[in-house]
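Student: In order, the protein sequences belong to chains A and B. Numbering of the first sequence is given in my numbering, commencing with residue 4 and proceeding in unit increments. Numbering of the second sequence is given in my numbering, commencing with residue 4 and proceeding in unit increments.
Just to be clear, a hint being listed does not mean it is correct.
Any copy will do: because identical chains look the same in the list, a pair fits if it lies in one copy or spans two.
Below, a list of computed lysine-lysine pairs in the DSSO-like style, where the Cα atoms sit at most 30 angstroms apart [claimed, not checked]: (1) K401 / K77; (2) K92 / K310; (3) K92 / K404; (4) K40 / K215; (5) K195 / K459; (6) K207 / K222; (7) K18 / K59; (8) K40 / K212; (9) K41 / K471; (10) K328 / K130; (11) K41 / K283.
These aren't lab readings, by the way, just hints derived from the structure by calculation.
So you can see what is in the structure, the chains are spelled out below.
Protein chains: 2
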Amino acid sequence: MNIKELKSKYDDYYKSLKGFTVVLSILNFDCNTIAPKKSLEEKAELTSSVFEEYAKLSTSVEYQEVINELYKNKDKLDENYKRIAVLKKKELDHDKAIPLDMRKEYNILLRKSFLAWRDAKQNNDWKSFEPFLEKIVDYQRKIAQLWGPIQGSLYNTLLDSFEEGNTTEKLDVFFNSLKETIIPLLHKIQQKNFKFNDKFITAKVSHNKQIKLAKYLLKINGFDLSRGCLAETEHPFTDGITPNDARITTHIYENLFLSNVYSVIHEGGHAIYEQNLSNKLIDDLRNAPSMAWHESQSKFYENIIGKCPEYINLISKKINSILPKEFKNKTTPEQLYLAVNNVQTSLVRTEADELTYSLHVIIRYELEKKLINGELEVKDLPVAWNKLYKEYLGIEVKSNKEGVLQDSHWSSGSFGYFPSYALGNAIGAQILNTMMKDFDVFEAVNENKIKQKIGKWLKDNVYIYGAKYSPNELVLKVTGEELNTKYFTDYLVKKFTKIYNL
Amino acid sequence: MNIKELKSKYDDYYKSLKGFTVVLSILNFDCNTIAPKKSLEEKAELTSSVFEEYAKLSTSVEYQEVINELYKNKDKLDENYKRIAVLKKKELDHDKAIPLDMRKEYNILLRKSFLAWRDAKQNNDWKSFEPFLEKIVDYQRKIAQLWGPIQGSLYNTLLDSFEEGNTTEKLDVFFNSLKETIIPLLHKIQQKNFKFNDKFITAKVSHNKQIKLAKYLLKINGFDLSRGCLAETEHPFTDGITPNDARITTHIYENLFLSNVYSVIHEGGHAIYEQNLSNKLIDDLRNAPSMAWHESQSKFYENIIGKCPEYINLISKKINSILPKEFKNKTTPEQLYLAVNNVQTSLVRTEADELTYSLHVIIRYELEKKLINGELEVKDLPVAWNKLYKEYLGIEVKSNKEGVLQDSHWSSGSFGYFPSYALGNAIGAQILNTMMKDFDVFEAVNENKIKQKIGKWLKDNVYIYGAKYSPNELVLKVTGEELNTKYFTDYLVKKFTKIYNL
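In isolation and in its complexed conformation, chain A is listed as follows:
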């Protein structure tokens, strides 16, 4: 095959596979939103044949040949196909490395584990989940072994699969500097013993009003509702299914409207990325280069924009309008600002404030690193978890439900993903620094020009590249320098020093 034929062969395969990813994404979205819970097991069973067809197609001998040939000839390809060749070769090598039987068994295990985790969390019953997690950790170690350890570490291999080029060596430096910044800052804040006037945050706001509020926020942030949708789920997520279909989900608690507010702003950030990836990109590179990059956008909207004074000012009137009588038009922007930036040590990552959030991630990072590298056993995990919460956050974990069982990640085999959240914060802060050289970001928020100025800048300077570059290359491309985590620590220090008058 010549290069042209090879590319066209690849394109055909891409098209076939893409069809499957679209329908399977919709199946997943459906199962997590509208599908009756009672149908989930039978549906997993009934649809397994489609997953198998997809796996067959994506690992067929012919497809493997196409990818191997593309990779062999990568230096003769234009930069798009070259990048694709590199990415697909890695994916293929990963797939091929795992024997089919093992993959099948593992998929069955993951399906059962997820349900076991859900029940274990509900019943606060760690012991019922422990044997599942033990098996998953075993599989993850075996998989990393088959993929090949990086710099002698199995965990590095898993990290690299989520974030090309990421290693424990880099993360240890980053997380140490984060700990050294956050923990002392947290202690100083705690000593201040600040009292907030924030009773309104538990005021009852109806489901209906919260949905309207969510749509309002999405609109001012620049999410195009005619090219996406908003649905409800247990654990909010975003899915960019096709170019004109980026979906956001949220969870409404009638007595905690801010949970919905920041969930929607966060997921909206992901979806704005998806909606604004350049049309000029070839479809296969119409993605973020990594999950940390994706998180950089959701966290940017959630924290840097969504929790700055100018944004609070902007939405304060709307928030007041949906509060019950006792608080309506009586809640000042200052009160709201302090409430959303109220630093307090807490047990649950997803409800943590911007400052302590990273500590939750670091705890998970340190534990999963040890689990995968064989330095910690699953049975000792709850004790180790609780110990780190005591050490970094100074709090006692009273139940595994709010402790080691809180996140779904491990139950679905995602080891090495948690650091993406923290890296996303670091990328976001570095982007802010670059953006500020071009215009005053917070003034743009103040003018209600989030879409016109901030969104446009991100589109022109970030989304335009899709997945053409590696995560690290993109940082360099966008900001002109390597990832420098100091931007994030500086940002935190400046922000919280000011709020708490330290």
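Once you have looked at the hints, place chain B on chain A.
Tutor: Chain B only, in chain A's frame:
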């Protein structure tokens, strides 16, 4: 292969194919409910590969062999597999009869035609749709030719594909007796010049309240919301996706709450059928034997139950509670009963009353029979349509939007389907007659025991058989006699004579 191997081979194929039908049903449901309109075209394009894989699988040489072998050995099979062999052989013969290229072209045409119809209806622009419909009719005629005419008629072939054993000969008799019953009855009713006190039917009822009402109606009718769901769409439909996932859709008009009420009761009837098909049936026969049978249940709940005085009595309090002040607690069950049974000639089938509804179906039947049998050209369709509306209903069709363009069926190639609606009514009335021998159906409604008595009877006497028998055999099995359309005409005469005091 021996019989056991053959059955197991078939089961494997069934499982693979079923996975595809489940994910493709969910894709379809998604496209018709939550998916952004702007994403529909790209999604159709992107997912076409999955439809192709499905088609490949369902027409593979090996699969054909399995079906042919099963069919050859059908007399050695148990009754379940025997029935499957007969049904699948027919399906396969139909599939095989159409060359692959033709099928592909036709699918593309149908996709485009549906969009063309949607736009044409919106813009009241028949001419833009005419060339599409011409091509569809051509294809339908070619397909019927390839399948083989039945008793010399191409239209019979299409009828039979929806309703095994159905022919124009039978339908002509049925529809003539319907016309002879309904048209004189209609004239008598019109002469009475009855005035209704039904201003409340256009009262504004909020979206929220209508959704709550819909769920209330579904509950009293016996639909299990924990094994299904309710969503919104343009043109309501039901989909029984898996045993524990039967989905209903509705369309809410804030100024026409009864439209939602009867749409939900109708779709609920379909879904109750799906939910209560016996678990003991093998999955492949866990279906209705035909669309007329499916319609018999939706129409039974919609009309026989949903529009009887006892049902109106039952729901009247709830209806009153959601009406605006002016009407709240002032609308009597009698007024409500007369309003839902208000006979008036109208242009739109889906909004027609129970009496005139059949005339709408008959008009479509007569026209499509002529189109397929080559006695009417597409270009002459609007004139022919309008002529029949004048003749049977006595009304002028002023726009094609409310005339020949109103239904989506023809745009998606469904010729021969419309009679199912009328046959469903006939089956429903015959079932009512049988059920009344066992207990007083309307007394059961009066006692709010729809699920416990009527639902249970249908489950035990109808749903238990799934698709094990042909449509006609099932009529015999359930009611002890062949389909006798007199039950339906008698029912209509009795009901409307009483209401209008004729």
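Student: Does each hint fit the structure? Answer for all of them.
Tutor: Evaluated hints:
1. K401 / K77: Neither: 55 angstroms inside a chain and 65 angstroms across chains, both beyond 30 angstroms.
2. K92 / K310: neither (41 angstroms within a copy, 64 angstroms between copies)
3. K92 / K404: neither (40 angstroms within a copy, 54 angstroms between copies)
4. K40 / K215: Both: 26 angstroms inside a chain and 21 angstroms across chains, each within 30 angstroms.
5. K195 / K459: Answer is neither; intra-copy 40 angstroms and inter-copy 68 angstroms both fail.
6. K207 / K222: both (23 angstroms within a copy, 28 angstroms between copies)
7. K18 / K59: Intra 15 angstroms, inter 16 angstroms, cutoff 30 angstroms: intra and inter.
8. K40 / K212: Close inside one copy (26 angstroms) and across copies (25 angstroms); limit 30 angstroms.
9. K41 / K471: Between copies only: 26 angstroms across, 42 angstroms inside.
10. K328 / K130: neither (46 angstroms within a copy, 57 angstroms between copies)
11. K41 / K283: This pair counts as between: shortest inter-copy Cα distance 18 angstroms, intra-copy 43 angstroms.
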